[in-house]
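For the sequence shown, the tail end lands on 691 under full-length UniProt numbering, and the numbers increase by one without skipping.
These are calculated hints, taken from the structure and not from any lab test. One thing to keep in mind: the hints can contain errors.
[Unchecked claim] Restricting the straight-line Cα-Cα distance to at most 30 Å, the calculated cross-link-like pairs of lysine-lysine (DSS-like) are:
(1) 226 x 312
(2) 556 x 63
(3) 201 x 312
(4) 226 x 655
(5) 382 x 220
(6) 375 x 332
(7) 207 x 226
(8) 312 x 99
(9) 201 x 655
(10) 266 x 431
[What the hints assert, rightly or not] Pair by pair, the computed Cβ-Cβ distance ranges are:
(11) 533 x 256: 25 to 31 Å
(12) 550 x 179: 30 to 36 Å
(13) 259 x 20: 57 to 63 Å
(14) 71 x 28: 37 to 43 Å
(15) 64 x 262: 28 to 34 Å
Heads up, the beta-carbon is just placed ideally off N, CA and C, and yes, glycines get one too.
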Amino acid sequence: MPPTEPPEYPGVDLPLRFLEQEGVAGVDFYRVGCFRGILGAESELLQVREVAMMILMDRLTDKPNWHVDVFDDAIVARWRDEALSQDERPMYREILDGKELPMPKRTRLISPEAFDYCIAELRDKAAYFGETGMIFTLNCQQNTAIKADSLGTEPEWHPWTNFMVQDLVHPSMYPFVYGRTRFIEDEVVGVTDAIDRWPGKGEVVPKDNGRPYDDGRQVKPTYWSKTYQWLPANLAFQEDGTVRFTSYINNLHPKKYPAIYTLVEKLIDKAIPAWDRALSGVAVDKRGRKQRRFCSVGTVCNHNDRNTIWEKFDADVLAASEAESGSVEYDKDELNEMLWNAGFDAEQINELEGARLFVEHKQGWARSRAERETKLAAYRAKRAQFVAELKWREIRDPILPQPLEYKPVTYEVSQTLRGRFGDSGLQVIVKMTSIELTPEKPDFRVHQGWHIDGQMNEHIVATALYYLDSENVTPSYLSLRMATNPDLKDLRSQREGDWDVHRACGRIFGTSLDSGPDARAVQPYGSIETREGRLLAFPNVFQQRLSSFSLRDRTKPGHHRVITLWLVDPHQRIISTANVPPQRFDWWAEAIFGSGPSATLGDMAPDLFQLLLEQGAAKAVKPTEELLKKLRCRLPAEIMEMIRREGILPDELMKDEEARRHRRALMKERSEFARKNRSDWDRAYDFYRRY
1 MPPTEPPEYP GVDLPLRFLE QEGVAGVDFY RVGCFRGILG AESELLQVRE VAMMILMDRL
61 TDKPNWHVDV FDDAIVARWR DEALSQDERP MYREILDGKE LPMPKRTRLI SPEAFDYCIA
121 ELRDKAAYFG ETGMIFTLNC QQNTAIKADS LGTEPEWHPW TNFMVQDLVH PSMYPFVYGR
181 TRFIEDEVVG VTDAIDRWPG KGEVVPKDNG RPYDDGRQVK PTYWSKTYQW LPANLAFQED
241 GTVRFTSYIN NLHPKKYPAI YTLVEKLIDK AIPAWDRALS GVAVDKRGRK QRRFCSVGTV
301 CNHNDRNTIW EKFDADVLAA SEAESGSVEY DKDELNEMLW NAGFDAEQIN ELEGARLFVE
361 HKQGWARSRA ERETKLAAYR AKRAQFVAEL KWREIRDPIL PQPLEYKPVT YEVSQTLRGR
421 FGDSGLQVIV KMTSIELTPE KPDFRVHQGW HIDGQMNEHI VATALYYLDS ENVTPSYLSL
481 RMATNPDLKD LRSQREGDWD VHRACGRIFG TSLDSGPDAR AVQPYGSIET REGRLLAFPN
541 VFQQRLSSFS LRDRTKPGHH RVITLWLVDP HQRIISTANV PPQRFDWWAE AIFGSGPSAT
601 LGDMAPDLFQ LLLEQGAAKA VKPTEELLKK LRCRLPAEIM EMIRREGILP DELMKDEEAR
661 RHRRALMKER SEFARKNRSD WDRAYDFYRR Y
């Protein structure tokens with residue numbers, strides 16, 4: 001069903017960099033992209049114990065039949081023993097995400113209280129899973145991923161297994177190119193008629209070559225591309241609530257692969273409820289309040305002092321540590337400062353530590369040998385005390401707060417896509433990827449680090465990943481993280497007050513709270529296994545990073561195949577395949593002349609047909625030897641050469657070579673954007689600003 005009002009498109013009817021966010025995030029608009037400055041795109045700072053609990057709950061929900069076993073006390077007791085005895089170093093490294101901070105030595109991330117909280121939360125999630133088949137995971141406040149390992153009635157994926165290996169779909173091929181691609185204002189390009197009726201029609205949308213004006217917003221002009229946009233396909237809701245494509249999927253031939261169109265529609269039907277929850281779902285208690293697991297950073301750091309936020313001095317623990325690991329290094333300059341503050345200046349220290357036993361007169365007063373020995377004993381005792389304190393500071397653990405009392409929650413969804421956009425429908429960008437490993441190339445090493453999907457042109461608000469097929473590969477994981485506000489006002493008073501408390505807060509929250517490489521204002525949320533058959537959905541406020549993986553049996557090939565669905569913000573229509581006739585010359589040539597044994601000249605003169613083959617049509621038409629024998633040129637050689645120079649291909653269509661040039665340019669542009677965006681994400685906490 002078409003939109004009830006004619007849509008306005010950024011870059012055509014609206015400014016290219018149009019972005020409107022008014023109202024309540026998740027209700028009146030969806031958070032677009034994980035860029036600093038986008039409303040609702042920053043996470044609160046989470047305690048390391050809370051992130052550890054999120055990771056633990058994700059792993060427990062990976063267990064078969066977890067939603068039943070979580071109510072079995074005997075099984076839960078076994079889970080408890082495993083959780084409280086596991087090596088937590090890998091978990092801690094995941095939480096810190098490259099930051100060099102000491103791990104607690106005696107305090108465990110998963111305490112008995114934390115484990116009990118997790119089980120209580122999982123029992124509520126189990127009830128929700130039983131109703132919906134979906135799991136809120138790595139969730140905190142309104143930020144959540146959704147995973148589902150059962151799609152109900154499983155679609156039959158076999159028709160595209162072979163297709164996936166041979167002809168992948170990527171939105172960077174044949175994208176919308178300002179100043180090149182033809183555009184039709186009305187959304188008239190469909191699925192079955194796309195190739196036969198529409199190629200070459202429409203008008204070119206001019207490129208905005210004006211220098212972008214930076215109006216001081218944190219959403220920088222460079223977040224948009226002035227040249228390229230990925231093309232979504234349009235979908236309409238049917239009377240039974242399912243969706244159907246009303247325009248073709250870019251780069252997926254609608255007549256060759258109608259079965260795959262149907263499969264993608266079914267997959268989107270399954271993704272929509274997950275998107276509903278990822279975009280506007282939240283855990284609330286019976287009074288409708290958002291559930292918190294822990295106190296906020298301000299509460300922790302402003303309601304503690306150095307005596308309550310660090311574990312108390314324990315001489316036995318210090319002695320045991322030195323016996324096991326050797327003498328603990330400490331700050332000598334700080335020792336001298338402590339001695340000075342205790343009344344032992346440098347001259348006194350040198351004097352007391354010297355070997356002189358005679359009486360010395362200084363500044364009008366005398367010291368006897370007995371006085372000196374008394375003073376020396378006091379100095380030695382104080383120095384030993386200070387050294388022990390400084391060593392203790394190096395090995396002590398902060399006191400990690402325990403979670404708040406758990407209160408039963410429900411998982412509410414403030415709105416649904418079907419309910420809100422049933423008339424206008426949705427726009428979805430489709431990508432299909434197959435990572436093929438061989439004995440010659442047995443390892444997949446991730447070259448793309450932390451990143452977001454798309455630029456602001458695409459207005460992507462949510463992602464759904466369906467892990468179609470994994471064979472003979474080791475497990476892989478998708479990590480998620482969010483930006484945090486680098487200006488933590490709640491801690492300003494602590495920064496100027498007690499630095500010892502401030503440093504403990506950093507350890508509790510898994511970051512340095514001062515400028516430096518360990519002070520990046522980002523919040524890791526953990527990782528989720530990308531196992532076969534899993535649907536994973538999350539809002540596009542998360543940065544993501546896929547882990548490396550390898551062949552299990554390095555003598556045999558293997559693969560990891562995934563379908564990616566990107567949801568365009570339904571509040572803002574963008575240029576789609578409904579406005580853009582297929583740009584692919586090979587589709588047009590094959591539709592006109594056929595392919596392989598069915599290829600024919602039609603009504604075209606052999607001379608012109610030969611020129612078409614020379615200039616790129618041969619790859620699509622695949623003429624037989626019999627057809628080639630019919631191509632006897634009748635035009636003079638001079639005329640043929642002139643036509644060759646001028647070209648006879650339709651200017652409105654792109655050949656593969658041009659499309660690949662655009663893809664390289666697009667990827668280069670987005671790589672540069674990603675680099676700039678990472679530098680913005682890697683901003684450090686800075687407590688000296690705006691005092």
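Outcome of the hint check:
Between residue 226 and residue 312 the alpha-carbon distance is near 59 Å, which puts this suggested pair outside the 30 Å criterion. For the hint pairing residue 556 with residue 63, the CA-to-CA distance comes to about 28 Å; that is within 30 Å, so the pair holds. About 77 Å separates the Cα atoms of residue 201 and residue 312, which puts this hinted pair outside 30 Å; it is violated. The suggested pairing of residue 226 with residue 655 holds, with an alpha-carbon distance near 22 Å, which does not exceed 30 Å.
The hinted pair formed by residue 382 and residue 220 fails the criterion: a straight-line CA distance of about 57 Å is larger than 30 Å. A threshold of 30 Å between alpha carbons decides the hint, and for residue 375 with residue 332 the separation of about 21 Å falls inside it, so the pair holds. Note on residue 207 and residue 226: the hinted pairing holds, with a Cα-Cα distance of about 7 Å set against a maximum of 30 Å. Taking the CA atoms of residue 312 and residue 99, the gap is about 26 Å. The hint holds against a cut of 30 Å.
Of the pairs offered as hints, the one joining residue 201 and residue 655 holds, with about 17 Å between alpha carbons and a cut-off of 30 Å not exceeded. Restraint check for residue 266 and residue 431: satisfied, since their Cα atoms lie roughly 15 Å apart, inside the 30 Å limit. For the pair residue 533 and residue 256, the supplied restraint of 25 to 31 Å holds, since their beta-carbon distance comes to about 26 Å. For the pair residue 550 and residue 179, the beta carbons lie near 44 Å from each other, so the given range of 30 to 36 Å is not met.
Here the CB-CB span from residue 259 to residue 20 is close to 39 Å, at odds with the stated 57 to 63 Å. Checking the proposed 37 to 43 Å range against residue 71 and residue 28 shows it holds: the Cβ atoms sit about 39 Å from each other. The hint said 28 to 34 Å for the Cβ distance between residue 64 and residue 262, and at roughly 30 Å that hint holds.
Hint violations for this structure: numbers 1, 3, 5, 12 and 13, all remaining hints satisfied.
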